[in-house]
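Colleague: Next come the chains, spelled out residue by residue.
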Amino acid sequence: MDRRAILEELKKVLEPYTENKELLGNIDEQTDLVKDLKINSSNLVDVIIDAEAKYDVEIDFDSAEKMFTVGSCIDVIQEKVNK
Amino acid sequence: MNGYSLQVKPQRRFSTGNDIVALRATQPDRTSLPRFYSRILTVAEQELYDRLERPGLAFDHYTWLCWSIKESAYKFNKRNSPELVFSPLRITISELLPPASAAEGYYRCKITCGPAILYSRSLLRDGVIVTVVSDDPQFTNTRWGFQPIGSSAHADQSAAARALVLQELQATLHRDDLQLQKDEAGCPIVLAGGLPTGIPVSLAHHDHYIAWSFNYCH
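The listed protein sequences derive, respectively, from chains G and U.
Start counting the first sequence at 1; every next residue gets the next number (the working numbering).
Start counting the second sequence at 1001; every next residue gets the next number (the working numbering).
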């Protein structure tokens, strides 16, 4: 999967936890999940678990703690998908 | 302004951290799955639950209590370490003392966060977990509180939390020229007459609740 395809699927993962859905239309790799999308930090574990299901991958703890921007999420998912 | 002269020296390492979890906004079934709680609780913390004398504390509530403690500790430390990333498993709870009864008192906790030892107090009542963290086990200079609000919209919660803590600060400092800003790490700081006071503030909100804490030493 290329980064663009991962991003499109990632939007679906983030959607339930993003209050203002319009923000998802303008996200880029620098977008911070908490600061920019206003995702409550209590939902970050949900995002990781949903991403695991969406991409059929296992995200280890060390990788999970890097997933705080859209770009870093794509990095981790791309690495796991292409393993 | 009432003429009272505020004399608070900026203290670089002075901090505070808080968090709030509205349990009705969590998913008990999902929280109780090992693949979920194992991202929050270390193995030792999972075992701690079995040893805990816990009046009516369900496992999913325990998981969110630990989350709240760890998030508060992270916010406490981030003020002095802006590069810090929240990683629940790197913040460990070594002691957790329940309140005398489910209805009264705090859960008190000792936390290891890197080289630092921190302490927390958590209230668990009315479906809400509210936590504050300090490096002072007595919490001598820590003020904290929470409040329900009508809206769960992010912008409304944020504005309400800021307004509430400013109200508390004005009552404590007897000044009406206080403002909240964020420092370079994104942590709230208090200005008086446009100048930094060194008083650290922490704000939290979740679902229909807001919470605040600050540290103030006369």
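None of these hints come from the bench; they were simulated from the model.
Here the structure is a predicted model, which means the values were calculated and not measured.
A few of these clues could be false.
Beta-carbon label-pair distances, calculated as ranges [what the hints assert, rightly or not]:
1) U:GLY1194 <-> G:GLU79: 43 to 53 Å
2) U:GLU1047 <-> G:ASP62: 19 to 29 Å
3) G:LYS35 <-> U:LEU1191: 14 to 24 Å
4) G:ARG4 <-> U:HIS1174: 28 to 38 Å
5) G:VAL34 <-> U:ARG1125: 25 to 35 Å
Over 10 Å on every C-beta distance to chain G, these chain U residues come out as not near it, computed from the model [as the list claims (entries may be wrong)]:
6) GLN1046
7) ALA1058
8) GLY1114
9) TYR1119
Using 25 Å as the maximum straight-line C-alpha spacing, the simulated PhoX-like pairs for lysine-lysine come out as follows [said to hold, decoys possible]:
10) U:LYS1078 <-> G:LYS35
11) U:LYS1078 <-> G:LYS66
12) G:LYS12 <-> G:LYS83
13) U:LYS1182 <-> G:LYS35
14) G:LYS11 <-> G:LYS66
15) G:LYS80 <-> G:LYS54
The beta carbon of each residue, even a glycine, is placed where N, CA and C say it ideally should be.
Colleague: Would you say the C-beta atoms of U:GLY1194 and G:GLU79 sit inside 43 to 53 Å of each other?
Modeller: 47 Å, holds
Colleague: Given a hint of 25 to 35 Å, does the C-beta separation of G:VAL34 and U:ARG1125 actually sit inside it?
Modeller: Roughly 27 Å apart at Cβ, these two residues keep to the hinted range, so it holds.
Colleague: Please settle this one: U:ALA1058 was flagged as non-interface, so is its CB more than 10 Å from every CB on chain G?
Modeller: U:ALA1058 is indeed farther than 10 Å from all Cβ atoms of chain G, at 17 Å.
Colleague: Is the Cβ of U:GLN1046 farther than 10 Å from every Cβ of chain G?
Modeller: 14 Å, holds
Colleague: Is the Cα-Cα distance between G:LYS12 and G:LYS83 25 Å or less?
Modeller: Holds: G:LYS12 and G:LYS83 sit about 23 Å apart, inside 25 Å.
Colleague: Quickly compare the C-alpha distance for U:LYS1078 and G:LYS66 to 25 Å and report which way the hint goes.
Modeller: 16 Å, holds
Colleague: Does 19 to 29 Å hold as the CB distance between U:GLU1047 and G:ASP62, or does it fail?
Modeller: 22 Å, holds
Colleague: Determine whether the Cβ-Cβ distance between G:ARG4 and U:HIS1174 falls within the hinted range of 28 to 38 Å.
Modeller: For U:HIS1174 against G:ARG4, whose Cβ atoms are near 57 Å apart, the range 28 to 38 Å is violated.
Colleague: Hey, G:LYS11 versus G:LYS66, does the alpha-carbon distance stay inside 25 Å?
Modeller: This hinted pair holds, its Cα atoms lying about 18 Å apart.
Colleague: Does the alpha-carbon distance linking G:LYS80 and G:LYS54 stay inside the 25 Å limit?
Modeller: Holds, at about 12 Å.
Colleague: Is the straight-line distance between the alpha-carbon of U:LYS1182 and that of G:LYS35 25 Å or less?
Modeller: Holds, because 13 Å separates the two Cα atoms, which is no more than 25 Å.
Colleague: Does the structure keep U:LYS1078 and G:LYS35 at a Cα separation of 25 Å or less?
Modeller: 15 Å, holds
In terms of the numbered hints stated before, the structure departs from hint 4 and from no other.
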